[in-house]
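> For reference, the chains in residue letters:
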Amino acid sequence: MTGPGGDTWRLPPMASLLAAVLLIACAEAGGASMVRFKLELTRWARSVILARPATHGLVGVRDVDEQIIDEALVKFDASLRLFHLHAEGMGLVIIVTTMTAATLARPGLGRRALLVLLTAGGAGYPFGYLLWGALIPYQGLQTAKVLAEWLVWIPFGGAAIVATWWLAAVAGARVFRRA
Amino acid sequence: MRRPPLVLVLVGLVVIALGETAGAVISQLRPQIAAYAQARVAANPQRHGLAGSAEYDAEVTARAVYAAEAGLSFFHTHAQGLGPLVILVSTVTASLVPWPRARGALYALFGLGALFPLGYLAYAIAAVEWGRDAGIEAVERSILTPLGSAAILGLVALGILLVTARIGRRAA
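For the record, the sequence lines run as chains L and X.
Under the numbering used here, think of the first position of the first sequence as 2, with each following residue one higher.
Under the numbering used here, think of the first position of the second sequence as 552, with each following residue one higher.
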């Protein structure tokens, strides 16, 4: 995808491609692990939850506690699925958007910033779901979500959103100038 | 690889950006979205067949709100998938389809197909504004089916043209 002309794609930086490929590989490994180790993961999460009754609001009444544990386990399972899904998708998004940025944005600080935001934002965001899943048994549903939001989803997701709109504006300006 | 027309790249990028933004909005504003959807269902009681019975109406409202949330979620996932797909298949078209008119037709089909995810935004709105079943059926018939068919037709045509071009090159 290289080429010096205006009508050919330029290759994005190797670091962006590497991040995208590794992210897709992590997603596929995550999907496979979810299936292969489903029972072990569920048992681990359950044991950690049972070891922290106060964190999860367990009251010692089986009917009530099982409902709370079930909800936590459903969210734990969802976090792994969402990691798999988002990592697969964002890998492709990184490749396409960094290729477009490398081709359409003018060389310089702006293009470098775009490439960094698109790569770091896209590659980091899906790992928020892994963090969320890992924190659920230890911190409870609400705290785990807040931590994942502030540590990963908002900074990395925000970077990806801002950079993609910025890139769309760059492409829009090029279309406008040509017209 | 050759770059497809800038307009098509722009459409793909805007669809990706909308998909990412929708994901953030769904995540951060879920309670507000649900409350708005409930209010719109309550504002259109006849279209939703609300009967005045609290238990029945609550179930009908919950189903409509669920459909609206599903529409937004489908919008997010389809936009994230179709945006890159349109840019990639248009690149294949630009690079490997030798006939300008065929390329133009494929670009048009992919451009329409790229708008397919927006149909799910309409789906979410129609589910609460026109009644769940009637709204979803109308959007499926008038937006999702034509736009989705354009994308499918474009991909099938691209496959046929790639094979034809290869046969042509071999014969030459």
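One or more of the hints may lead you astray.
Here chain X is said to cover these stretches of chain L; the calculated rule only asks that three of the stretch's residues, wherever they fall, bring their Cβ under 8 angstroms from a Cβ of chain X [as the list claims (entries may be wrong)]: (1) 95-102; (2) 168-180.
Subject to a maximum C-alpha distance of 20 angstroms in a straight line, what follows is the list of computed SDA-like cross-link-like pairs (lysine to any residue) [stated by the list, open to error]: (3) L/76 with L/38; (4) L/146 with L/128; (5) L/146 with X/578; (6) L/76 with X/608; (7) L/76 with X/680; (8) L/146 with X/575.
Keep in mind that the hints were calculated from the coordinates and are not lab data.
For glycine and all other residues, C-beta sits at the position ideal for the given N, C-alpha and C.
> All hints, please: hold or fail.
Tested hints:
1. Only residues whose beta carbon comes within less than 8 angstroms of a beta carbon in chain X count, and the region 95-102 of chain L has 4; three or more means the coverage holds.
2. With 7 residues having a Cβ less than 8 angstroms from any Cβ of chain X, the region 168-180 of chain L passes the three-residue criterion, so the hint holds.
3. As the CA atoms of residue 76 of chain L and residue 38 of chain L are separated by approximately 16 angstroms, the hinted pair is consistent with the 20 angstroms bound.
4. Restraint check: the Cα-Cα separation between residue 146 of chain L and residue 128 of chain L comes to about 13 angstroms, which is no more than 20 angstroms; the hinted pair holds.
5. Simply put, residue 146 of chain L and residue 578 of chain X have alpha-carbon atoms about 11 angstroms apart, close enough for the 20 angstroms limit, and the pair holds.
6. The straight-line distance between the Cα atoms of residue 76 of chain L and residue 608 of chain X is roughly 29 angstroms, outside the 20 angstroms bound, and the hint therefore fails.
7. Simply put, residue 76 of chain L and residue 680 of chain X have alpha-carbon atoms about 31 angstroms apart, too far for the 20 angstroms limit, and the pair is violated.
8. Between residue 146 of chain L and residue 575 of chain X, the direct Cα distance comes to roughly 14 angstroms. Compliance with the 20 angstroms bound is thereby established for this hinted pair.
Of the numbered hints listed earlier, those contradicted by the structure are 6, 7.
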